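Chemist: Which chain is which? The protein sequence lines are A and B, in order. Going by my numbering, the letters in the first sequence line up with residues 76 to 358, in that order. Going by my numbering, the letters in the second sequence line up with residues 10 to 285, in that order.
Just so you know, these hints were derived from the structure itself, not from any lab. Just so it is clear, the structure is predicted and the values come from calculations on it, not from any experiment. Misleading hints may appear alongside valid ones.
What the hints assert, rightly or not - For lysine-lysine, the following DSBU-like pairs were computed, each having C-alpha atoms within a straight-line distance of at most 35 Å:
(1) A/Lys198 - A/Lys249
(2) A/Lys338 - A/Lys249
(3) A/Lys198 - A/Lys208
(4) A/Lys338 - A/Lys208
(5) B/Lys21 - A/Lys161
(6) A/Lys338 - A/Lys300
(7) A/Lys198 - B/Lys255
(8) A/Lys208 - A/Lys249
(9) A/Lys208 - A/Lys161
(10) B/Lys21 - A/Lys208
(11) A/Lys249 - B/Lys21
(12) A/Lys300 - A/Lys161
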Amino acid sequence: MIEFINLTKRYGKSIAVDQLTLQVPERRAVALWGANGAGKTTVIKCLLGLLHFEGSIRVDGLDVRRQGRAVRQRIGYVPQELAFYKEMTTLEMATFYARIKGAPAERIEPVLEEVGLSEHLTKPVGALSGGMKQRLALGLALLSDPPLLVMDEPTSNLDTAARSQLLQLLAQVKAAGKTILFTSHRIEEVEMLADQVAVMERGRLQFLCDSANLASRLGLRTQVKFIVPGHEVERALEVLRGEGLEAQRNGVGVIVDVSHGEKARPIHTLRRAHIEVIDFEME
Amino acid sequence: MNIPVVWTLAQKELREALRNRWFLLYTAAFVGLSLALSYMSLAGAGIAGFAGFGRTAASLINLVLLIIPLMALTVGAQSLAHEQEQGTLAYLLAQPVTRAEVFVGKYLGLGLSLLASVGLGFGIAGVVLALSDGAGSPASYVSLMGRTYLLSLAMLSVGFLVSVMSRRAGVAIGVGLFLWLTFVFLGDLGLMGTALTMRLSVGQLLWLSLLNPLQVFKMAAILDINATLDLLGPAGIYAMQEYGQKLQLIFLALMAAWMTLPALAAYARFHVRGDF
Numbered sequence: 076m077i078e079f080i081n082l083t084k085r086y087g088k089s090i091a092v093d094q095l096t097l098q099v100p101e102r103r104a105v106a107l108w109g110a111n112g113a114g115k116t117t118v119i120k121c122l123l124g125l126l127h128f129e130g131s132i133r134v135d136g137l138d139v140r141r142q143g144r145a146v147r148q149r150i151g152y153v154p155q156e157l158a159f160y161k162e163m164t165t166l167e168m169a170t171f172y173a174r175i176k177g178a179p180a181e182r183i184e185p186v187l188e189e190v191g192l193s194e195h196l197t198k199p200v201g202a203l204s205g206g207m208k209q210r211l212a213l214g215l216a217l218l219s220d221p222p223l224l225v226m227d228e229p230t231s232n233l234d235t236a237a238r239s240q241l242l243q244l245l246a247q248v249k250a251a252g253k254t255i256l257f258t259s260h261r262i263e264e265v266e267m268l269a270d271q272v273a274v275m276e277r278g279r280l281q282f283l284c285d286s287a288n289l290a291s292r293l294g295l296r297t298q299v300k301f302i303v304p305g306h307e308v309e310r311a312l313e314v315l316r317g318e319g320l321e322a323q324r325n326g327v328g329v330i331v332d333v334s335h336g337e338k339a340r341p342i343h344t345l346r347r348a349h350i351e352v353i354d355f356e357m358e
Numbered sequence: 010m011n012i013p014v015v016w017t018l019a020q021k022e023l024r025e026a027l028r029n030r031w032f033l034l035y036t037a038a039f040v041g042l043s044l045a046l047s048y049m050s051l052a053g054a055g056i057a058g059f060a061g062f063g064r065t066a067a068s069l070i071n072l073v074l075l076i077i078p079l080m081a082l083t084v085g086a087q088s089l090a091h092e093q094e095q096g097t098l099a100y101l102l103a104q105p106v107t108r109a110e111v112f113v114g115k116y117l118g119l120g121l122s123l124l125a126s127v128g129l130g131f132g133i134a135g136v137v138l139a140l141s142d143g144a145g146s147p148a149s150y151v152s153l154m155g156r157t158y159l160l161s162l163a164m165l166s167v168g169f170l171v172s173v174m175s176r177r178a179g180v181a182i183g184v185g186l187f188l189w190l191t192f193v194f195l196g197d198l199g200l201m202g203t204a205l206t207m208r209l210s211v212g213q214l215l216w217l218s219l220l221n222p223l224q225v226f227k228m229a230a231i232l233d234i235n236a237t238l239d240l241l242g243p244a245g246i247y248a249m250q251e252y253g254q255k256l257q258l259i260f261l262a263l264m265a266a267w268m269t270l271p272a273l274a275a276y277a278r279f280h281v282r283g284d285f
């Protein structure tokens, strides 16, 4: 379990994290959610002992300041920006970090296979794609089978396919019973992985909620554009408005403003009215 | 301290140094020039001064003074600053390692790579001399090699101190080059200027010059080969008269101080840093 008690981090006169008190219970996944500059990465860096801070951070009762090595022994860390020794091959890199973590050598290849890198063992790390690098980072984090996984924006630099691949892997890691703390500003990621979300703004914890309630607590809305046959546009607007949805004409189609969990509602409404939906997109 | 972790880090440093083109370039220059010097010494043997190993050792002093500090300072200056800039240092420190292990591992690895470089330069020249039946005592040659290695470690320590104080590798290398210039050229000029304007006594001049580790190396090496410092002029004669047999011990202590004090200061700074 991770406990942050009155965690405060100052850079000169500015405060990056302000009196954060938060618990991450065992076998639960907690997301730190917030815009850039909210202080999420700073919290992670303080936990890893990379920054000085005020207040206290404990992991399984161990003090981050005084028992840093023992704390980090319990943590697998996936950074936001991958910083690897580019000349090393995938296998050399994994072997190096296995030795650093005191992980048995026989765990290296199974872990690399688990993250889908067994065919790239002899490739220099610098030549791996962004998705592969991120999967390697996850593999390195899992080498010593730590009970805790800490990730800083794990999918931020990935394309859609790579992101989906990594999220599937992370879902497996979560199902295996690891305690997870991660930062994100992607609502889908948070909803998929986290049990709870700590919403941060300008260094302060705004509120803590279940991940399923995040969108409604934040009042997030999505605009969905529908293409319907030209002669049905007026009727589509009438039907949608009749259902209490905010709908407007948008060129050859209609645009509907819906809350985050209601994106499918306009489609069902149009289908019930036997109006064909030719295409749609979300913003 | 976890020794396997330190050794793993040292091995990585050693491997990287051997892939570093600057390091290879310095080593190649050192090996090539020391080989050339040994040939020239052999060719001129018997004409004047030293011969064989002794003559080569004397010629190598100036080469060492020029190349070894440059190599060790730049390698040391790059060490931590480069990794900090790349982000690899923060990732490494996020692992179950202590800062002492990271520092010692890096120092050990780079120290070993310098040993390889110095050993290669002196070794190849030594083999050539031995095969050519070079006259003179190999002992002074081996002693010079040992002193060269100590000098490289002293400069590596200074480089580490520069590295830990800098956030960018470019700045660290710039400061390292400036220090090299200071130790090699500006130090001497400054000393001459100070001696003239301040009217320093010979004793003061000697001790001021001993603040420069390169001067310590030079005097110790000359004393080794020549058994006297007379050829250094009044300061050398004064040193011989005043300290006599104790001189080598003084030189060794000064070099040990240059090796340890900057390294300790660099570690102290690295240990308390909280901005990774």
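Chemist: Each hint should be assessed against the structure and marked as holding or not.
Modeler: Checked hints:
1. A/Lys198 - A/Lys249: holds (29 Å)
2. A/Lys338 - A/Lys249: Holds. A/Lys338 to A/Lys249 sits at ~27 Å (cutoff 35 Å).
3. A/Lys198 - A/Lys208: With a Cα-Cα distance of about 11 Å, the restraint between A/Lys198 and A/Lys208 holds, given a limit of 35 Å.
4. A/Lys338 - A/Lys208: Since the Cα atoms of A/Lys338 and A/Lys208 sit roughly 33 Å apart, the hinted pair holds (cutoff 35 Å).
5. B/Lys21 - A/Lys161: Since the Cα atoms of B/Lys21 and A/Lys161 sit roughly 13 Å apart, the hinted pair holds (cutoff 35 Å).
6. A/Lys338 - A/Lys300: holds (11 Å)
7. A/Lys198 - B/Lys255: Since the Cα atoms of A/Lys198 and B/Lys255 sit roughly 57 Å apart, the hinted pair is violated (cutoff 35 Å).
8. A/Lys208 - A/Lys249: The given pair, whose Cα atoms are some 20 Å apart, holds under the 35 Å limit.
9. A/Lys208 - A/Lys161: The hint holds at about 11 Å.
10. B/Lys21 - A/Lys208: Status holds; Cα separation ~20 Å.
11. A/Lys249 - B/Lys21: Distance ~33 Å between A/Lys249 and B/Lys21 Cα, so the pair holds.
12. A/Lys300 - A/Lys161: Answer violated: A/Lys300 to A/Lys161 is near 44 Å, above 35 Å.
Checked against the numbered hints above, the structure breaks hints 7 and 12 and satisfies the rest.
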